Amino acid sequence: MSAVLDTPLLSVRKLTHRYGSRVACRDISFDLHPGEVLAIVGESGSGKSTLLNCLSGGLPVERGVAFYRDRKGLAHDLGSLQEQDRRHLARTEWGFVRQNPRDGLRMRVSAGGNIGEPLMMVGARHYGDIRALAGDWLARVEIDPARLDDSPASFSGGMQQRLQIARNLVTAPRLVFMDEPTGGLDVSVQARLLDLLRALVADLGLAVLIVTHDLAVARLLSHRVLVMQGGDVIETGLTDQVLDDPQAPYTQLLVSSILEG
Amino acid sequence: MTSATPLAGYSYAYLDAQTKRMIRRAILKAVAVPGYQVPFGSREMPLPYGWGTGGIQLTAALIGRDDTLKVIDQGADDTTNAVSIRAFFQRTAGVKTTTRTEEASLIQTRHRIPETPLQPGQILVYQVPIPEPLRWLEPRESETRRMHAWAEYGPMHVKLYEDIARHGEIAVSYAYPVMVEGRYLMSPSPIPKFDNPKLHRSPALQLFGAGREKRIYAIPPYSDVRSLDFQDHPFRIEPHGHACALCGSTDSFLNEVVMDDTGKRMHVCSDTDYCTTRRDHLEQGEAAE
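As you go down the protein sequences, you meet chains A and B in turn.
Under the working numbering, the first residue of the first sequence is numbered 1, with each subsequent residue one higher.
Under the working numbering, the first residue of the second sequence is numbered 1001, with each subsequent residue one higher.
These are calculated hints, taken from the structure and not from any lab test.
For clarity, every value in this text was computed on a predicted model and none was experimentally measured.
From the three backbone atoms N, C-alpha and C, an ideal C-beta is built for every residue, glycine too.
The hints are all genuine.
In silico negatives: residues of chain B with every beta carbon more than 10 Å from chain A:
id, residue
1, Tyr1010
2, Tyr1012
3, Thr1099
4, Glu1103
5, Leu1185
6, Pro1192
7, Glu1256
8, Asp1260
9, Gln1284
Below, computed lysine to any residue pairings styled on SDA-like, alpha-carbon distance capped at 20 Å:
id, chain 1, residue 1, chain 2, residue 2
10, B, Lys1214, B, Arg1135
11, B, Lys1159, A, Ala153
12, B, Lys1096, B, Ser1084
13, A, Lys14, A, Leu59
14, B, Lys1159, A, Arg147
15, B, Lys1159, A, Val122
Could you put the whole structure together from the sequences, leaning on the hints where they help?
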C-alpha cells in the first residue's frame, strides 16, 4: 500500500514552454503525490498559469516530460497523449476549477444540469439518480438544494464558484487543477470558500495543483509550494517552511509584502 | 401522369454532371458512415435557402429516367413547395411523378415520413435546415466535429435533463435527436417525434441534405436508430386523442386546422396520400354494400 502511495500521481521533468522566442516557463521539475496539495505561487507573468495549462492539456507539452499515473496505475505521457485519451483523462480523473466561474459553467443550463453534465459525459443515463446526486453536491458546497433548477446567472459570485467546484468534484476526480479559484471574490467570501475547499480536499483525499498569487491561499490549502519568478522555479518546499523562512530574495519580498491586519 | 421531354438548354435534372458526381460521392460516403455529416459543395439552386435546396440537390443527383418521384411538404402533396419541386423535376428530368407513396421510387420530403410503410428499394430524401444536433450546446463547428469524432454526446443529454427539470418531460417535439447504429448522434431533420420510430430499421434508404449548411448524411436500410432518452424517462409518443375528420384515422399524424374566427377546429391527416387512399377504400366499401 505504501508503495502505491509513494508513486507520484504527476511527475514533471524539465518542462519548458515558449511563446515564440519568449520563455514562459523553464526547466520545471516536480512530483505531485496522491492526496497532496501543491501551490504554485508567483506574480503575474511568472509562468504559473502556463505551467498549469501545459499539464491540464490547454497547451501542448513541447519540451520536457510530464507523466500522469491513472487509477489503474498506468502512466500516461502528457506530451504524446492523443487528444481523445487526454479528454478521457480530463473527464474521468481530473477536474479544472477556473478563476472565472462563467468559464467553467454553462450559464444557460440550470445548476442541476451543470453538476449533472460531467456525470452524463461518463455515461449516466438515469435522470432520478443524476438529479439526486446533483442535489447532494449542491448541499455539500453549501448551496440550498431548493435552487437546483435555478440558473447559475442568478447566483452570487461565491455561489457560482462553489457550483463550479461541485461540478468538478461530482465525478470523484483524483487530481484537480485550480487557477486562482478565489480570484474575483471579496475577502469574507474567499475565506468561506477556502474553508469549504480545505474540508472537501481533506474528505476526498484529492490531489490539487493550485495556482495563486495569494500567499494566504497557499498557506491555508497547500502542503507544499513552488515559487515561480520569470518562468523559473526559484524556491520549493513545505508551505510553512517556505513561508516562515523564505530563502530566495524574491520569496522574502513576497512574504514581507503581505499586509498584516 | 405523363412524362415530358427534359427542358431544352438545361442539363438533365438541372445540375451539371460534375456536380452530380460530387454529390453522389458524398452520398456514398454518407451511406458508408451512417449518421455522419459529410460536407459537400452545395450549389446555388433556383429556390431560396430553407425551401429545400439540400433535398433538391440530392434528388437531382439521384434521379434516373426510370424513377417515379413523389414530393411532400409537411406530409402534403399539394402545397406550394411540393408542387413546385415536383414540377421542377418533371420539366428538367422528364420523369414520372406520383402522389402515391407505394408507387414512388424516390420521395423528397419536408418535415414528415409517409404513413404508408416504405418498401425496400425506395429512397427517402429529407430537406434539412440545421443538420447539427449539438449546435444548441456548442456554437463552434470545430468543437462539434471533435465531439462527433470522439462520440462525446453527454452534453446532448444535458438538454434533455433541462427539459425534464423544467417541464417534467422531454419537451422536444420535433427534430428529436437519435443515435444511428450506436455511433453517431443525428438530427432527423424537423420531422415530428411521432415519426421517429419509422426511422428505425426502415427498409428504405434515407438521405438527408442541408443546402445552406452544406452537409449530407444518411441512414442505410435496416439501420438501428434509437431516440435519446433516460432510463427512467424513456422515449414515448403522447397520444393526440383525436381522429381525422376526413378519414377517421386515429393512428396517423394529424394537423389541427382552425376553421373559423370562433375557434372551431378540425383535425386532419397531415399525410394527404394516406388520407385520400383511406377515404377511397371507405367509399368503395360503402358502394359495395
